[in-house]
Amino acid sequence: MTDASLQDTPREAGLGDYFALLKPRVMSLVVFTALVGLIVAPVPVHPFIAFVGILCVAVGAGASASLNMWWDADIDRIMKRTANRPIPSGKVQPEEALAVGLALSGFSVILLGLAANWLAAFLLAFTIFFYAVVYSMWLKRSTPQNIVIGGLSGALPPMIGWAIAAGNITIESTLLVALIFMWTPPHFWSLAIFVKSDYGRAGVPMLTETHGRRVTRNNIMGYMVALVPVALAIGFTSIGGPLYLAVSAALNMWFLKACFVVWRRDEEQAEADNFAAEKNAFKVSLAYLFLHFAVLLVLPATGFGGW
Amino acid sequence: MTIKVEHEMHNRRKSKNYGVFILLIAFVALVFGLTVVKVLQLGDAKMFEANDHVLRPALITADEVQQ
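As given, the protein sequences belong to chains E and L, one line each in that order. Throughout the first sequence, residue numbering follows full-length UniProt numbering, covering 1 to 307 in sequence. Throughout the second sequence, residue numbering follows full-length UniProt numbering, covering 1 to 67 in sequence.
The set of hints was computed from the structure by calculation and includes no laboratory data. Hints may contain errors.
Claimed, not checked - Distance condition first, Cα-Cα at most 25 Å in a straight line; then the derived BS3-like pairs of lysine-lysine:
1) K14/L - K279/E
2) K80/E - K283/E
3) K80/E - K279/E
4) K23/E - K257/E
5) K140/E - K257/E
6) K4/L - K23/E
7) K38/L - K91/E
8) K80/E - K91/E
9) K196/E - K140/E
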């Protein structure tokens, strides 16, 4: 009897399944940008406090990912890309994801407040709230601008890193957030053009589905043009300098050109070369953001940082 | 007679329990490390005791007595 009933109960989740709820790959990006924010801040931090602070940001990001998977389980089940996430594949129960998300949110925010300061803790709480509630629950299913506004939660980590070290919000940390914020639309939409997605089937209003690829191309170009002054403006702050400006100018020319090609062509041309230009723009976008942060990171060591 | 039925689930549960154990130990280490760092950052460690206790005379050094 008992043996037979065991077969009917859902497979009990292992620790790895819970770890998958935290979206480890997104976490690594968050750790990198938060770490740069922490290091470029003009206040030295004890290495152990820096370590705990970044860990809290990573766990907080993971917690919001878990809450997102709990809320979006119905969409994830429909879409091919997400169908093997822990909840749709049946490895983790939805209530477990909710519990993990809430518990880790609480732990990471409180521990960050105790380890660093309450401004950093508040920013982390706001980031989790923005991703889980504003983006997942509200915007994602209601507007094609979902990834633009929701991108704010992905953009905030450097500001948290800065706040861990300096305990304040400055023009520098705000510009770092603005850089990721303005970068997200061209980055994501160039991907959305060439990946054959099933957002439409899942009822998610992505710009490519609601307004078509032509409008998406225009939007990529529009946000790209708006991104340039933000990226260059960082060069004129205390964390920038001539070397940053030179590298940023080159990166902006590169990304601008890649987006320009995507903007100028139509669907026929895109189909003809199997979306080569869109794939290129996506790759360039990754290098663009990574190199901007990498330059900021190594700048002080080169002696060319600051004015 | 001992009843011993090994199910695949028991192994998985065991490894999960070990994992949780390691996570809890790591969390304790984290909080302990934070405590050490925070106390040392107070600068003068004996102020930590003087905060809510009478400072032990043994903690006062000779040159401080002379002042």
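- CA of K80/E to CA of K279/E, is that 25 Å or under? The given pair, whose Cα atoms are some 20 Å apart, holds under the 25 Å limit.
- For the pair supplied as a hint, K23/E and K257/E, confirm whether the alpha-carbon distance does not exceed 25 Å. Not satisfied, since the Cα-Cα distance of roughly 32 Å exceeds 25 Å.
- Holds or violated: K196/E with K140/E, Cα cutoff 25 Å? holds (19 Å)
- Is K14/L within 25 Å of K279/E, Cα to Cα? violated (45 Å)
- Straight-line alpha-carbon gap K80/E to K283/E, limit 25 Å: Holds - the C-alpha atoms of K283/E and K80/E are around 23 Å apart, at most 25 Å.
- Message: Tell me if the straight-line CA distance from K80/E to K91/E falls inside 25 Å.
- Response: holds (17 Å)
- Message: Next pair to validate is K38/L with K91/E; report whether the Cα-Cα distance is within 25 Å.
- Response: violated (41 Å)
- Given pair status - K257/E, K140/E, alpha carbons within 25 Å: Judged against 25 Å, a Cα distance of about 30 Å means the pair is violated.
- Is the hinted pair K4/L and K23/E satisfied, with a Cα-Cα distance of at most 25 Å? Violated: K4/L and K23/E sit about 38 Å apart, past 25 Å.
The structure fails hints 1, 4, 5, 6 and 7 (numbered hints given earlier, in ascending order).
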